[in-house]
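Keeping the supplied structure of chain Y fixed, place chain D upon it in accordance with the hints.
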Amino acid sequence: MVELLTDDLERMRERLTRRAFLGRAGTGLGALALAALADPKRLFAESDRWRGVLPALHFPARAKRVIHLYQAGGPSHLELFDYKPKLGQMDGTPMPESFTKGQPIAQLQGRALRCFGPQHPFQRWGRAGQEISTLLPHIGSIADEICIVRSLQTEQINHDPAHTFMNTGTQISGRPSAGSWIWYGIGAEAEDLPGFVVLTSQGRGGQMQPIAARQWHSGFLPSRFQGVHFRSKGDAVLYLRDPEGVTRDQQRDVIDAVAALTKTQPDWVDDPEVSARLSQYEMAFRMQTAVPALTSFADEPRHVLESYGIEGMDGSFAANCLLARRLAERGVRFIQLYHRDWDNHSRLKADIAIKAKEVDQASAALVMDLKQRGMLEDTLVIWGGEFGRTPMAQGDGRDHHIKGFSIWMAGGGIRGGMTHGATDELGYMAVEDVVSIPDLHATMLYLLGIDHTKLTFKLLGRDFRLTDVRGEVVKKILV
Amino acid sequence: MKIPRVLGPVVAFALCASVGGALASAPGPAPTTPAPAVDFARDVQPILAASCVRCHGPRKTEGALRLDTPEGLRKGGDSGAAFTPGDGKGSLLYQRLVAEDPDKRMPRRRRPLTPAQIETVRRWIDGGAPWPPGMVVTAASRPPAAVAKAAASPTDGPLVSFNKDVRPILADNCYACHGPDRNRRQMDLRLDLEEVATAPLPSDEVAIVPGHPETSALIERVTDPDEQRRMPHVSSGKPRLSAAQIDTLRRWIAQGARWEPHWSYIRPTRPSPPAVKDADWPRNPVDAFVLAGIEKAGLAPSPEAERRELLRRASFDLTGLPPTPEEVRAFLADTAPDAYERQVDRLLASPRFGERMAVPWLDLVRYADSAGYHSDNSRTVWPYRDYVIGAFNRNLPFDQFTAVQLAGDLLPDASLEQRIASGYNRILQTTEEGGAQPREYRAIYLADRVRNASAVWLGATIGCAQCHNHKFDPYLARDFYSFAAFFADVKEKPVGRRDPDYLPSETQRPVLESLEAEIDRLRKQLDLSTPELEAAQPLWEKSLAGTRTQSWSALEPVEVSTAQGTRPLIQGNDFSLIATTASGPAPPRDTYTVRLKTALKAITAFRLDALTFDELPRGGPGRDPAGGFVLSEIEIKDAAGRRIPLRHATASTPVAAAASLGPAAAIDGRTSGGGGWALLGADRLDHRLVVEAAEPVGSGDETTLTLVLHQNAGGGRTLGRFRLSGTTDPPPIRTEPGVVITKDMVDLASKDPAKRTAEEQESLAKFYRRVAPALEPVRAALRAAELRKADLVPQIPQSLITTTQPPEPVRILPRGNWLDESGEVVEPAVPHFLPQIETHGRRATRLDLARWLTSAENPLTARVFVNRQWNLFFGHGLSRTLEDLGSQGEWPTHPELLDWLAVEFVETGWDVKRLVRTLVTSATYRQASRTAPELAARDPDNRLFARQARLRLDAEMVRDNALAVSGLLSTRMGGPPVHPYQPRGFWAYLNFPPREWDDSTGEDQYRRAIYTWWQRTFPQPSLAAFDAPSREECVAERTRANVPQQALALLNDPTYVEAARVFAERILREGGPTFEGRLGWAYERALGRRPREEEGRILGDLLRAHRTRYAADPRAARQLVHAGAAPVPGDLDVAELAGWISVARAILNLPELITRS
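Chains as they are written, first to last, in the numbering used here: chain Y, 54 to 532; chain D, 22 to 1178.
In isolation and in its complexed conformation, chain Y is listed as follows:
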């Protein structure tokens, strides 16, 4: 009996492999994938929509999707969410060595370390009186919806590896990003869109730290789980536009001819790899129609555009926030919006005000827009960057800082109107309820109904997972 089942699974595994749902022939299929195989309906349903490798959720899902408002460059927690009056009092005085001794330091290596007071005042917001910078009045106005976490820690002090750590839980290239893990694990609802979409916007001025495509790569997971970058200029999706001089109907004719020609050879069309390829042509054709409709905001009422502070699709962070909501409505599982240029090594006071203005209104508008549509309760919104900034001055700016920084989250099972964790009196070290990046990942997966220790992929002889060997769910911030 057992033998028979194993044989059946092997056969289905082969078909599955040939259909290239899971490209790594023979190596990548863990027990979970085999479990998924036990229900053939999951594999050979009408549409090619991937339903995920987990046979069932481990927990009841609080969130169905994630929108990560990724503030790239390292926003200063000390000017945004973590008010440190003591640091202000010590402005200009030497940073006590007890804080910094033996700690990794980026650009301030070998320099005299002096305290640099908060450059913008804070204000209390909402029923719980959460402290939020006066630079963020719109986010302040939704204080009762959001949970501020002031005790994040990361392990990488330079942008590129820190992004990789935030997205994949390790600094080593080649591991899957969170969005890929989630799409692989629980699939997506979208029929004609990818399950993981990445949006990017440029900020003004400043340093424009680069962002590599590896940040949304599927790593060792099959490449179909790679995030698809919707570009803010040109075709939203690469190669989306029909060639010049070819109409939609003609494109259809060509695709139909490809299918008809292939079907004249029975042993070809019976090959699951080939029939899957024909269905990918159908999917591509549908995307060519669906994506332009999605990225045009023609059907959005005026007041919605105004709430985000935009006229239409202009490639800005604000426009991407609205696009994120539209993607979420269409069943995309993981949406990541990179907004660049929070890297305030100098002119912090003026430049962070510019950044804050670029994101404040739209971030808040997105949360409230989701709420009005009844989607906030099952959409996890995360706002934050790859690290924070030093309490020490770097001229009139701050350097990279990994031992304590802030993010906020909303919706999807997160308790609003609370602040979690704390840094020391100078905003250097997270000292209370420390949250590591694996903890953040574990919590995100938990809210999606996934036990982070059980979403694994076997490679090189071990079961890899997003949280590697770490990660504790941060229960205190959950509803």
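Hints should not be assumed to be uniformly reliable.
If you want a taste of the chain D side facing chain Y, the calculated C-beta under 8 Å gives, among others [unchecked claim]: (1) Asp397; (2) Asn473; (3) Thr860; (4) Ile1119.
The hints are simulated quantities; they were obtained by calculation from the structure and are not laboratory data. Just so we're clear, the structure is a prediction, and the values are computed from it rather than from any experiment. Think of the CB as a built atom: it goes at the ideal place given N, C-alpha and C, for glycine as much as any other residue.
Same frame as chain Y, but now just chain D:
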């Protein structure tokens, strides 16, 4: 070479270093109830055997104490008498069993004995410690052989193999907590070591009792109904073992629990090819191994593939390209029995062979044209790529191929090529991110090199031992750092740009060296003061006094655009703008538009600096091949867009022969024509154009100005680096050739020499030497020498190569933490359980490593390589885990075949072409790929290789195939990487500096994909859609995804649209006048076969419909026939051509076209 007994050292390590887990129970008070008398044989002997004599016995005698014989016990050890007869509690033996201090307590660093055991010992001593004479206690491991033998009764079924059947179960389910990683180890139990697994545990259980599954705790625990006790423990997330797995374990133990070292760690020996029933089928020994497996399963191999299919398969597999119709015809007409073998030899001899074989190798070694981290800047290392291609074409033996890459620089009299090959050690990901910490990146690079070299040659995951001992394989953290130490001599700056190494040829070297010496000499001469100069300087100073200087402010650029795709970019802090690079294409003409910020009040004049820059031709400032430029017209507009009238243009450039090339021509109102401010060729000097504004510009509030630079002389005479400044000095503002005298210098010159500081004096003297007429011949000679060097350098090969330096110490980093310097410094060494390198005390080098990798004793390298070669030609490896042949790798389907191939490969001198020829001329290779239903049902996974595989072509082949079919493909080999079409703005998220991809022009647009620029952070998207990897880490096997992005690329990427329209043109020209003739020609060319009638009907319908439509819409037809940069035919009917383009697009999108079957 010394070969220790495999696994010996592991055992030793395990016994010395195992660390106790948490205490399950502490020794308690002695029970008060009377107990039965202690019997030595029954009660005491097992305790001594399990817990004492391994360290206090004949093999090891800790503290000079032996507890295996009564004499030893009585004699005692270094600490004195072990016991006092009759006084259990007072005896040292007892006291050491219950000691609080874990260093004192026995068994040392292991779990203490149970209270019952301790009580037994006490009572035994109380009773005078009786020991039957002659009874010797041996360390408990396995019961006497007789027992095991008796248990292995025939009823236990076929013999279970440890390596094949048992180890995978243990490795998968148990080793994470009961394996080599001591940090995760539970209950002191190791199931990877026979000695530990069969010894009593602190809990008194024995995990594996050979011959006795019923008393083996392993069986009990994996079948325990209590979820908290059952293994694998519920907290591991692993499912319970299947009934089949448990049965395997049970039978293995019943059969005596025979252990084997992991198969791939044992040196392969050549097995004899097995006997087969169908003796006619095998063409070479490979086939005998395969056929034996097929016959054993009661099946038969597939018939030989049709000749067309066979040649198409071999052509893709050996050259990455389809056969031409002529080649197909020749093969079909060749009736000689060795016709196929001669085709194989032709393909092996083709230069395309090296290009095809290099691709998987470049994936392994992660070759790319950019650095990888953060700004991901380019580095020149393509000569390494060309070396790899050439090495496969020359059939360089794989052992030499290995040595030159790892240690080409260490070979005696290393040739240019060998040094280029040593670039292998330099192509890892590197960073130049500001704030990156050198020590951290040094550790990152060492780890990267260990991961890569061990994966490439050993198929090993030594990288997993960076933070802890490997969980499944016998690699220790020490092995990781010892392996890293081989690379400690590789010169590599931890943080910064990778400047290429110059590799001059024999003839270039003396020229370069003498030029450099001359430049050096001239520079020193300019730095040198002489009495003559010192005498002349005061006069110059006097002449300088009162000179009127100009004060200029550079204007900050905010936005840049260009008309022709050249991209001047904001560069750094000096506000200059720089055109992409010297190597990017220079359009013949261009117009730059720059918006600038200024808060100056009443600007009276502007200065345009044309600046030199090393990456421009001959150092620039222009982009034409001589480093020159022509500025047809300069326009400056105010914030309202109003053009500011300019007048009185003067320049620093030498007076031009023609007035039309003087500065005035830049403000003559004519933006085209041949005239303009010109520099005809680089002279190693910055130049400037100064123009006055007719009216003062700027109110003092911040405003923007727009600078427009028209450069329409043609021939690429555009500016490479420039900057705009403004002045508010009163007019007239003029300039002239020569060095600009600054106000600082005038002030200094006017100062009383007696009051100048030493620095001031020196800076003035230095400045004087820049202008002194007496030194002008020296300056001219220097400029000339620099120009000669600038002309020579582009002809000198440049590539990253390995340079050796005194090795930096490599420490074991506790938990991989680079901040922790407490670890021991290690010397280079190979993994401890493999054959060792013998150097007689000399520090082992990379060359030793390379020779060790390819020594006949090395059990891994040849297996790893032949397994990957097998994968190329059969669709998967003999072991399917190409990246890992360690204990977690998949057991090979044909272990004897793998070993035969490995031994054959080594014994025939690591001859790659010979290996490939053996594989592709085998009967196994020649089978049809069509799957018979019975075979599909019986062997769906094709583990028997009873048929060939259908494989979607790799990314490079998908592209090359379309270009080959259309006739566009260039077969030019080697050289700098090229840029096939890529969507605009795809690199928008790169920075430092920002970059744009410039499509290659001419033949370079149609080069084979292996020559495509490989940008790690943003790989070319059309190749990436077909699973080309980013080459950040070693990739042994690409995924073969099937995603809509592939359909979008084949339908819409200009590469494929252009290929279709060029293909259509050829169909019309070469396919004859009829539809049937044309379609037949197209099918032969694209698919190597004739179209069937049904196919003709479908494509005929498509042609007619689209031809009609394009006849009605000539504009659309014209757009389509203009796709891409290839020349557009003027003599063909546009609607006819456009209709055939649709037919060609359909053919180029067929799944059959991108499949090797």
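Interface restraint verdict for Asp397 (chain D) against chain Y (beta-carbon cut-off 8 Å):
holds (7 Å)
A closest beta-carbon separation below 8 Å is what the hint needs, so does Ile1119 (chain D) meet it against chain Y?
Where the cut-off is 8 Å and the nearest Cβ of chain Y is about 5 Å from Ile1119 (chain D), the hint holds.
With chain Y as the partner, please determine if Asn473 (chain D) meets the hint condition of a C-beta pair closer than 8 Å.
Since chain Y brings no Cβ nearer than about 11 Å to Asn473 (chain D), farther than 8 Å, the hint is violated.
A closest beta-carbon separation below 8 Å is what the hint needs, so does Thr860 (chain D) meet it against chain Y?
Cβ of Thr860 (chain D) sits 31 Å from chain Y, so the hint is violated.
When each numbered hint is compared with the structure, violations occur for hints 2, 3.
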